[in-house]
Amino acid sequence: MRRYVVAVALLGLAACSKDPVATPGASGPITVKASDTSCQVERTENGAGTVTFAVKNEGTKVTEFYVYAAGDRVMGEMENITPGLTRELKVELPAGTYETACKPGMIGKGIRGAFRVTGSAAPLTADAKMAAATESYQRYVKTQSETLLVKTQEFVDAVKAGNVAKAKELFPIARTYWERIEPVAEIFGDLDPKIDGRAEVIEEGMAFTGFHKIEQDLWETGDISKSGPLADQLMVDIKEIVTKANAEKLSPLQLANGAKELLDEVASGKITGEEDRYSHTDLWDFAANVQGSQAAVQALRPVLEERSPTLVTDLDAAFAKVESTLGKHRKGDGWKLHTELSQTELKELTDVINALAEPISKVAAVVAG
Amino acid sequence: MVSRRNAILAAGSVTVAGAAAVALSRSGPEHAMAGPGDAVEFYGAHQAGITTPAQDRLHFVAFDVITDDRAKLVQMLRDWTAAAARMTAGRDAGLLGAVEGQPEAPPDDTGEALGLPPSALTITVGFGPSLFAKFGLADRKPKAMADLPRFPGDTIKPEISGGDLCIQACANDPQVAVHAVRNLARIGFGVVSVRYSQLGFGRTSSTSTAQATPRNLMGFKDGTRNLKLEDGAELLDKHLWVQPDDGPQWMVGGSYLVSRRIRMIIETWDRTPLAEQETIFGRTKGEGAPMGKAKEFDEPDLSLMPEEAHVRLAHPSSNGDARLLRRGYNFVDGSDGLGRLDAGLFFLAYQRDPHKQFVPVQRSLARADVLNEYIRHTSSGLWAVPPGVKGPEDFWGSALFA
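These protein sequences, in sequence, are chains H and E. When we follow UniProt numbering, the leftmost residue of the first sequence carries the number 1, and every step to the right adds one. When we follow UniProt numbering, the leftmost residue of the second sequence carries the number 1, and every step to the right adds one.
Bound conformation, chain H alone (with noise of 0.2 Å):
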């Protein structure tokens, strides 16, 4: 959807928004062993500093490794590890207790394990907490948007390659790393229709492009055979839409609204079906939405902490609540499709996003202070 994207202020933050790493850390990449059922991590403890994980999916199912801090805000992740291949993720770790997590399935709350990273760090100022928030996000911002690259081009591939089949499993599946990052790709009001633009959104003299006039080709004709320049033209905006997202610097009121708004996509458009009316994935964005919106309020976790404990309480209560909700819905590695599931059950969904999206509508004010 495209939305009107009101340019914010930084907070005055530019003058003071250096990571206050401390020593570098020790010496080599961490070995984690991830597989169907375990993550083993080689090392547990490390300095301040740059941290490297090499992670190693020894298992059958792609998986997914993060490192957390408290509140499970991200503080990196390495997304879509295929079985047998190995990747590596940087994070900066200030000193603090955190927890790694391997995704096997790229589901649930992952196999957890304790990380703790010792080194002299100063506490973060307010202005510091503002500009980690800023990082955080935009770390967030880098790994889903280089595997919304990989997943986008796979799911090309498939459409050019005449395979309807895979491109159906693969459509909701590059939709997700879209869904999540949403605030930022909204930001570039043109590009945003080209991409995601629905049949009636597009203004006059526009065509219908992107994700959505795929689906239909996918869904209502399951002939694609003409849908090779559309495909190409969605890698051409999707390449386009990461370079700017990764060059963007959110301002911790952008996460605020953008954690708001990603929740009001969900309340009038995942719940209601209008999203992918043809191929009923809605569920997919639904997720993926209320995960970008939690990690842009994890990235202000340290902020709200500080200015208003409760909020913080009630945020993760309804996170939850929205998290097991919607957890009913489940199928195989995805979701049920829209229009398997009740009105009841349609309105319970409703029900838990009010309730999310009330204490969500509270973090903007809380950080302009």
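Just so you know, these hints were derived from the structure itself, not from any lab. Note that the coordinates shown come from a computational prediction; the quantities given were computed from them, not determined experimentally. For every residue, glycine included, the Cβ atom is placed at its ideal position computed from N, Cα and C. Some clues are possibly wrong.
[To be verified] So the derived list for chain E, only partly shown, Cβ under 8 Å to chain H, looks like this:
1. I66
2. E104
3. A105
4. P106
5. T110
6. F189
7. G190
8. S193
[Stated by the list, open to error] So these bits of chain E aren't anywhere near chain H, every CB distance computed over 10 Å:
9. R86
10. G111
11. V191
12. G232
13. L274
14. G334
15. A343
16. D394
Use these hints to put chain E onto chain H, whose structure you have.
Structure of chain E alone, referenced to chain H:
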């Protein structure tokens, strides 16, 4: 600066003049209304919105409780009470208001009532039977809250019936009533969820002798024999308010509300000859006089009416002296897809014990009333309406949750 408070001050002189022009003959007791734009007192022994002279507009909404956390529900009732006290006084729902909060925060009032006077807004809360199955309230469920029986001809839709809580918002300006419900629903997110709601646009009963008897969508005067504000404490205590001997204690001073959405098949009714319409009701259509009498308020002689006339079947003397305080509203919810107006009466009736009052009356009506050919009951609700909020420290249901 736009604020409802200022608007009220500005409107003050107008409403005083308005009241004088209307020249209400009675200075009524609690919850009486001076002028159509004025505020109705929120605090009192009984909730406002029952004997308050019936306002012109209704927004009724039923909620399901969606939390298991009793403390959250109680906190919401406190928040609701505080917001209702403000809104009925013509102020914003929240402390900051629609336009005076932080620019980065969503306003704590939605704003559509800015500049509007209090408009006699009343907000009345009731508890549904299903609430007593939760939060360990089973032993506090009043006997009077036993399920209503199924009546012959009922076509009740479960999705627009029942509920854990209800709010009846009445005002002389529809926007003020909608504003109240919208803000309370917003405060309730995460604790309650709207189950169904109903807008009503014209009162179908008068609850004060200062009011003329209005007409329902069948074109007949409705509620001529209604219980009214001026009936005096003795009659109201007998028929309307829960008494200490009735129990439970938390309901004393409260009342029981029955809500029924009654769809009217108005197209076929309109093709019915005038004489037949009058026979069916037992009153004349123009004056509203009982059959064989000249004036609306003449005492009906039931022997002059057919046995199945609506007025005769519903009359207290046919139902063990059962009387009701009716407070219903006309509704038109668009059309039904078959080219007919989806119209009717949202029936609201308050009483001391529904099983001794509404139930026998509705039994006689459902069994014999010729009117049944033209109406369908599509929604049903039974609500325990607790006594009034005593003051700023008190809240709706404080005694129930004590």
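Hint by hint, here is what the structure shows:
At about 5 Å, the closest approach between the beta carbon of E/I66 and any beta carbon in chain H falls short of 8 Å, and the interface hint on this residue holds. Given the 8 Å rule on beta carbons, the hint for E/E104 holds: about 4 Å separates it from the nearest Cβ of chain H. Hint status for E/A105: holds, given a least beta-carbon distance of 3 Å to chain H, under 8 Å. Checking E/P106 against chain H by beta carbon gives a least distance of about 5 Å; that is within 8 Å, so the hint holds.
For the restraint placing E/T110 at the interface with chain H, the shortest Cβ-Cβ distance is roughly 13 Å, beyond the 8 Å limit, so the hint is violated. Of the supplied interface hints, the one on E/F189 holds, with its beta-carbon coming within about 4 Å of a beta-carbon of chain H, less than 8 Å. Annotation: E/G190 was flagged as interfacial toward chain H, and the flag holds, the nearest CB pair being 3 Å apart, inside 8 Å. The beta carbon of E/S193 is positioned within 8 Å of a beta carbon in chain H (closest approach about 4 Å), and the interface hint is therefore held.
Consistency note on E/R86: stated as away from chain H, and its beta-carbon is indeed over 10 Å from all of that chain's, at 19 Å minimum. The beta carbon of E/G111 is kept farther than 10 Å from every beta carbon of chain H, the shortest such distance being approximately 15 Å. Not every CB of chain H is more than 10 Å from the CB of E/V191 (nearest about 8 Å), against its label as outside the interface. In this structure E/G232 is separated from chain H by more than 10 Å, as the shortest Cβ-Cβ distance comes to about 45 Å.
For E/L274, the shortest C-beta to C-beta distance to chain H comes to about 44 Å, beyond the 10 Å cut-off, and the non-interface label holds. Look at E/G334: its CB is around 20 Å from the nearest CB on chain H, clear of 10 Å, so calling it non-interface holds up. No Cβ of chain H approaches the Cβ of E/A343 within 10 Å, the least distance being about 25 Å, so the stated non-interface status holds. With a closest Cβ-Cβ approach of about 25 Å to chain H, E/D394 is found to remain outside the 10 Å limit, as its non-interface label requires.
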